[in-house]
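Colleague: Letter by letter, the chains look like this.
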Amino acid sequence: MSDFLEEIDKYLDGAMSSEEKRTFEEKANLDATLAEELKLQRDMRSIYKDEEWIEGDKSILKGEEAKELGDFLKSKEAASIKETIKEVIDENRSNSGGRKFYFVGVAAAIAILLSIFIFSESKYDKLYAHYVELDNIPSLITRGEQENELVKKAQLFFEDQKYEEAIQSFSTYQSTNVKSIDPLTYIYTGVSYLEIRDFENALDQFELLEKSNTLHSKKANWYRVLVYLKQGDKEKLRETLKNISSDKNNYNFQKAKELIKKI
Amino acid sequence: MPKEEKDLLKALASGNKMVIQQLYSKVFPKVKSFILKNNGDTVDAEDVFQKALMQLIARYKVQSFTIESSFDAYLFGTCRNLWRRELKKQKSVVTKEEIITLVSEEDQLTMAILEQEKWELFQEKLKNLSDNCKQLLELFFQKVPYKDIMEQLGYNSDNVVRQRIFNCKSQLTKLIKNDPRYKKIKDV
Chain A
1 MSDFLEEIDK YLDGAMSSEE KRTFEEKANL DATLAEELKL QRDMRSIYKD
51 EEWIEGDKSI LKGEEAKELG DFLKSKEAAS IKETIKEVID ENRSNSGGRK
101 FYFVGVAAAI AILLSIFIFS ESKYDKLYAH YVELDNIPSL ITRGEQENEL
151 VKKAQLFFED QKYEEAIQSF STYQSTNVKS IDPLTYIYTG VSYLEIRDFE
201 NALDQFELLE KSNTLHSKKA NWYRVLVYLK QGDKEKLRET LKNISSDKNN
251 YNFQKAKELI KKI
Chain B
1 MPKEEKDLLK ALASGNKMVI QQLYSKVFPK VKSFILKNNG DTVDAEDVFQ
51 KALMQLIARY KVQSFTIESS FDAYLFGTCR NLWRRELKKQ KSVVTKEEII
101 TLVSEEDQLT MAILEQEKWE LFQEKLKNLS DNCKQLLELF FQKVPYKDIM
151 EQLGYNSDNV VRQRIFNCKS QLTKLIKNDP RYKKIKDV
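Line by line, the protein sequences give chains A and B.
Under UniProt numbering, the first residue of the first sequence is numbered 1, with each subsequent residue one higher.
Under UniProt numbering, the first residue of the second sequence is numbered 1, with each subsequent residue one higher.
If you are wondering where the hints come from, they were derived from the structure by calculation, not from laboratory data.
Watch out, some of these pointers could steer you wrong.
What the hints assert, rightly or not - Calculated pairs, SDA-like style, for lysine to any residue (alpha carbon to alpha carbon, straight line, at most 20 Å):
{"#": "1", "chain 1": "A", "residue 1": "Lys-86", "chain 2": "B", "residue 2": "Thr-42"}
{"#": "2", "chain 1": "A", "residue 1": "Lys-82", "chain 2": "A", "residue 2": "Phe-72"}
{"#": "3", "chain 1": "A", "residue 1": "Lys-67", "chain 2": "B", "residue 2": "Phe-65"}
All chains should be modelled from the sequences, with the hints used to inform the complete structure.
Modeller: This is how it looks when you write it as C-alpha cells:
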C-alpha cells in the first residue's frame, strides 16, 4: 500500500509528467487495489479540505444498506412522519409571518391610499413592486471561491439597476459556459428582462430555470407570477397562482395564497 | 450515547410532534442563519431541516445509530452537510444538452445518508490521530505549501515536514481502512 501512496500523492498533486500520468492511469484501470486506494486518497483530500461536498457513486444505491434505507423512506410510516415535520414547519412559519403580514398589510393599505390620491400607478404595478424583492435573490458572488468575472460584473450591473448591461453580461456568460451554468443567473437575467418589460425573454429564462433540475427550479412558477403581474395578464396570473397554491410544498405557497386574494 | 439523547432519537423516530417542535425551536434558527449566509433562502432552510430529520430517523430505523456529540450540534452538522451537498449539486448542474437523469427524492436522501456516513467515518478517524499529526494534516489538506508549514510549525526543513505528513497520512489511511464500516461505504 505504502508504495502506492507515494505514487498516488504525486498523481493527485499534479506532479507527474503526461507520460507518467498515462502509465499510472492505465495501471489504475487494471489494478483494482490501486483504483480503490486512489479513490480513498482522493476522497480524503476532498473531505478534509472541507469545502466541496463529494457526491457518491449512484451505483451504491443497489447495495444492501441503500435498499433498506430506501424501503424505509418509501414506507407509509416515513410519509406520515414527513407530514408531521412539514406541519411543524408550516405552523411556525405562519406564526412568525402573521405579525409581519399585518404590518405589511397596513403599509400596503397606506400605500394604496396614497396611490389613489397622488399616483395613478396601477394596482398590479404596486403589487409587483411589493413582491419582486430584488434584494432577496441569493447572491451570485460566493465567499472564497473563484468567481466568474463576467457573473460578478453582471450582478453589479443588476444591483445598479442597469438591466440592459446586466442582460448582456449574463447572456455572454450563459452562452460561453456550456458545461455548467449557475441556475441563479436565470433568475437574475429573467428579472432584468422583466424590469425592462421584455416579457417573452423573461419567460424564456424562467423556463430554463425550471428545467435546470436544481433546488431553484421550483421557483420558476413564482417568477412567472411576477411576469404576469407586471404584464397585467390577469388570466395567466390567476392560473399560475392557483397552481402554486394547490400544494403547500410549492415555493412561496403562502405568498401565492395571499396574492390571489388581492387580485 | 447519553440516555437523554437516546430517548430523544427514539421519540423523534416515532414522529412525536412535540419533539419535532422542540428541535425546530432550538436548531432551526441556526440552520436558517447558516443557509441565508451561504446563498440560500428560508425555503431552502426549511427543506434542508426536514431532510436532516428524515435522515436521522432513517438511520435510526435501519441501523443501530448513535450520536456521540450533543443532539442539537449533530442535527445542525447534518443540515450543514446537506446544504453543502445541495450547493455542490447546483454547481455541477448541466445545461440543456445533457439528458437529465431523474433520481427520486428517496434515492437522493439515501445517497445523502451514505455520503454522510462516509464523512463521519473520515472525521472520526482524523480525531484519533496525535495532535501533531492532526495539525500537520489539516494544513496539508488545506493545500498550505510544505515550506509554509515548516515555517509555521518551526520545522528545520520542508523535507522533514514532507516525511512527517506522509507518515501521518499513512496512519490515517490505515485507521480508515481497518474500520469495519469502511467496507460498507468504500464504494460510495
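Colleague: Regarding the pair A/Lys-67 and B/Phe-65, is the alpha-carbon distance no greater than 20 Å?
Modeller: With a Cα-Cα distance of about 17 Å, the restraint between A/Lys-67 and B/Phe-65 holds, given a limit of 20 Å.
Colleague: Would the pair A/Lys-82 and A/Phe-72 pass a check requiring their Cα atoms to be no farther apart than 20 Å?
Modeller: Holds: A/Lys-82 and A/Phe-72 sit about 12 Å apart, inside 20 Å.
Colleague: So if I understand the rule, the pair passes when the alpha-carbon distance is 20 Å or less; does A/Lys-86 with B/Thr-42 pass?
Modeller: Given pair A/Lys-86, B/Thr-42 holds - Cα atoms ~14 Å apart, limit 20 Å.
Checked against the numbered hints listed earlier, the structure breaks none of them; every hint is satisfied.
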